[in-house]
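S.K.: On the provided structure of chain A, position chain B as indicated by the hints.
Residue numbers (the working numbering), protein chains in the order written: chain A, -3 to 433; chain B, 86 to 259.
Mixed in with the good hints, there may be bad ones.
Stated by the list, open to error - Residues of chain B placed beyond 12 Å of chain A at every Cβ, according to the derived structure:
| # | residue |
| --- | --- |
| 1 | N90 |
| 2 | R237 |
| 3 | R243 |
To be verified - The list that follows gives simulated cross-link-like pairs (lysine-lysine, DSS-like), each with its CA atoms no further than 27 Å apart:
| # | chain 1 | residue 1 | chain 2 | residue 2 |
| --- | --- | --- | --- | --- |
| 4 | A | K407 | A | K331 |
| 5 | B | K249 | A | K182 |
| 6 | A | K182 | B | K226 |
| 7 | B | K242 | A | K182 |
| 8 | B | K226 | B | K207 |
| 9 | A | K67 | A | K331 |
| 10 | A | K109 | A | K182 |
| 11 | A | K182 | B | K102 |
| 12 | A | K67 | A | K19 |
| 13 | B | K102 | B | K226 |
| 14 | B | K242 | B | K102 |
| 15 | B | K242 | B | K226 |
| 16 | A | K182 | B | K207 |
| 17 | A | K68 | A | K109 |
| 18 | A | K331 | A | K129 |
By construction, these hints were calculated from the structure, which means they are not laboratory data. Since this is a predicted model, take the numbers as computed values, not measurements. Where is the CB? At the ideal position from N, CA and C, for every residue including glycine.
The primary structure of each chain is shown beneath.
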Amino acid sequence: MKSGVSARVAAANALDAVVGDGKSLDWALAQSDEGLALNDRSMMRMLCYGCLRHHWQLRAQLAQLLDRPLKKRDRIIESLLVVGLFQLSDTRVPDHAAVSTTVEATRALRRPKMAGLVNAVLRNFLRKEETHKEPINDEARYNHPQWLLDRLRADWPDDWQQIVAANNAQAPMCLRVNPRFGTAEKYQQTHAIEGALVAGLEQALRLDVPQSVDDLPGFFEGQVSVQDGAAQIAAPWLLADGSGRVLDACAAPGGKTGQLLELMGDEANLTAIDSDENRLTGIRENLTRLGLHATVLAADASNTEEWWDGESFDQILLDAPCSATGVIRRHPDIKLLRRETDIATLATLQERILNSLWPLLRPGGRLLYVTCSVLSEENEAVIRRFLVGQGDAVEDRVLHAYNIRDLMVEKALGFQVLPGTEGLDGFYFVCLKKASE
Amino acid sequence: MSILNILEFPDPRLRRKAVSVELVDDTLRLLIDNMFETMYAAPGIGLAATQVDVHRRLLVADVSTEKDDPWVLINPIILERDGVEVTEEGCLSVPGYYESVERAEQVRVRYMDRNGEEQVSKFEGLLAICVQHEIDHLDGKLFVDYLSEAKRQRIRKRLLKDRKYRQEEQAAAV
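Chain A extracted, bound-state conformation (with noise of 0.2 Å):
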């Protein structure tokens, strides 16, 4: 097989799993993968995260393109088309390398009947390329799915723009640097790092150009670790008050485990619990690379009698699962998988969540809860009712460090960082503090 065939053949695979099945677009990656050199790999990557971006206005270009709809069983076909048709509108590929290994894909893909087909669609949307640029609803012009944007909207009626953009934009590549070997701005200056720090996050260096961890200096002796700035926000405000004996619930893949730890000293005790056994080998590796030691438990946060052993924490950090709807730059595949209904189950799960770790929490104690959504009813609405539900709750709004205030909208309970903003990811952090008997 010619090398730029495979990584078409590829993606369209990775891309019919995604649209046509409803797999994840890690797991598709990763079943694409096998068998492809290295840079059909990221050209693959390349493909598929743009045609997810732009997935919308890619599938309406192509129903305009075809005389009628294609037959079910050529629903891979429809995925390589996408895929070509993407070359062509919005990538470097020249137009004629474009055509022909997206044609000869077909053949690859054992259909070649339909070589013919894909050969015509795509020589005539450049003939008629302008024509087809005029987006023919909001999904195609935003490429979100209609409901999103709706409540986008209606949460976000200054911001709705700003958070559509940033989601199809693609995201930057983030370092936090282990506060034991220094800040951001020294590791950047001892390493001459390409990339720029954020006011109010000392640890966090976005870098200029994405890179293999393999690549980064001190990577492998823990001084740095991969992890968004706005997910750094967590660890030291949790801990503004000092550090006691701290959980961490929802911990995998265990990034503001790691950072909770590096910032707690020697006498840490941390508590991680995940309720996915396979992901908390994830946390384990982390660990082992930063030389950091925690409890790490396979544990249902929403069910505490199964594990807790009656001693209170101090602190609890919440990461709770949520619809990701903050970091679709990163996982342009949210769009196309979450479902409307999602949203009030996972609000129930969020809430229930809450209040099933809120006793484990001691009087006087903090809980800092953390989501990677933008949707208020994943947020604000759950703390509402949460605060109703329990008397001895109330927000605690005083931030540790005045800076991150500019990185985040203040909401009636909680705080926001849209995405976009300094090139962070989206999450929503409300401090929870529990009266003194």
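M.R.: For chain B alone, kept in the frame of chain A given last:
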């Protein structure tokens, strides 16, 4: 409370012009407490928010020997200046250098206190000098700006060299 990192000349962030404080709340008061702790620990007699990389119009000062006369000035504006005085000034952001600077002997200043209440005070003596020095910080100005270009460059080079030496020393220790 915690001790904050003080930026050092010639860090470009010391040149940023601070914007007004909009809200005097507990988050701001925590910053104020941390600034006092940082200033007393340094030790210094005045500290502007700019020096701790918060670009808001806020300064703290305490020129008393007993360290029992803390002042907080939020969004300060100098209404009047009177007289001329030359003092040897130093700065936490320009460690180790003391130079003569000419300033007003007395100033009348409008500002908000830590409760957000508007005040007008007349400062004289060392406190007047200190307040002027800190307000300069909020405008991105340093006391070395009052010196000759040659002198300023000499200080700049020395401080960069000191810092490089300190970093190498730290790196060797790790």
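S.K.: Give a verdict on every hint.
M.R.: Going through the hints against the structure:
The Cβ of N90 of chain B sits about 7 Å from the closest Cβ of chain A, inside the 12 Å cut-off, so the non-interface label is violated. For R237 of chain B, the shortest C-beta to C-beta distance to chain A comes to about 23 Å, beyond the 12 Å cut-off, and the non-interface label holds. No Cβ of chain A comes within 12 Å of the Cβ of R243 of chain B; the nearest lies about 18 Å off, and the non-interface call holds. Proposed proximity of K407 of chain A and K331 of chain A is supported: the alpha carbons are some 25 Å apart, at most 27 Å.
Using a Cα cut-off of 27 Å, the hinted pair K249 of chain B and K182 of chain A holds, with the two alpha carbons roughly 11 Å apart. Taking the CA atoms of K182 of chain A and K226 of chain B, the gap is near 25 Å; set against the 27 Å cutoff, the hint holds. For the proposed pair K242 of chain B and K182 of chain A, the alpha carbon gap of about 19 Å is at most 27 Å, so the pair holds. With a CA separation close to 22 Å, the supplied pair K226 of chain B and K207 of chain B stays within the 27 Å bound.
For the suggested pair K67 of chain A and K331 of chain A, the alpha carbons sit about 24 Å apart, so the restraint of at most 27 Å is met. Restraint check: the Cα-Cα separation between K109 of chain A and K182 of chain A comes to about 60 Å, which exceeds 27 Å; the hinted pair is violated. Taken as a hint, the K182 of chain A and K102 of chain B pair is honoured in the structure, with Cα atoms around 24 Å apart against an allowance of 27 Å. Using a Cα cut-off of 27 Å, the hinted pair K67 of chain A and K19 of chain A holds, with the two alpha carbons roughly 21 Å apart.
The hinted pair formed by K102 of chain B and K226 of chain B meets the criterion: a straight-line CA distance of about 9 Å does not exceed 27 Å. Between the alpha carbons of K242 of chain B and K102 of chain B the distance comes to roughly 24 Å, so the proposed pair stays at or under 27 Å and holds. A hinted pair counts as satisfied when its Cα atoms are at most 27 Å apart, and K242 of chain B with K226 of chain B qualifies at roughly 18 Å. Restraint check for K182 of chain A and K207 of chain B: not satisfied, since their Cα atoms lie roughly 42 Å apart, outside the 27 Å limit.
With a CA separation close to 16 Å, the supplied pair K68 of chain A and K109 of chain A stays within the 27 Å bound. Distance hint between K331 of chain A and K129 of chain A is fulfilled; the C-alpha atoms sit about 22 Å from each other, no more than 27 Å.
This entry does not satisfy hints 1, 10, 16, going by the numbered hints stated previously.
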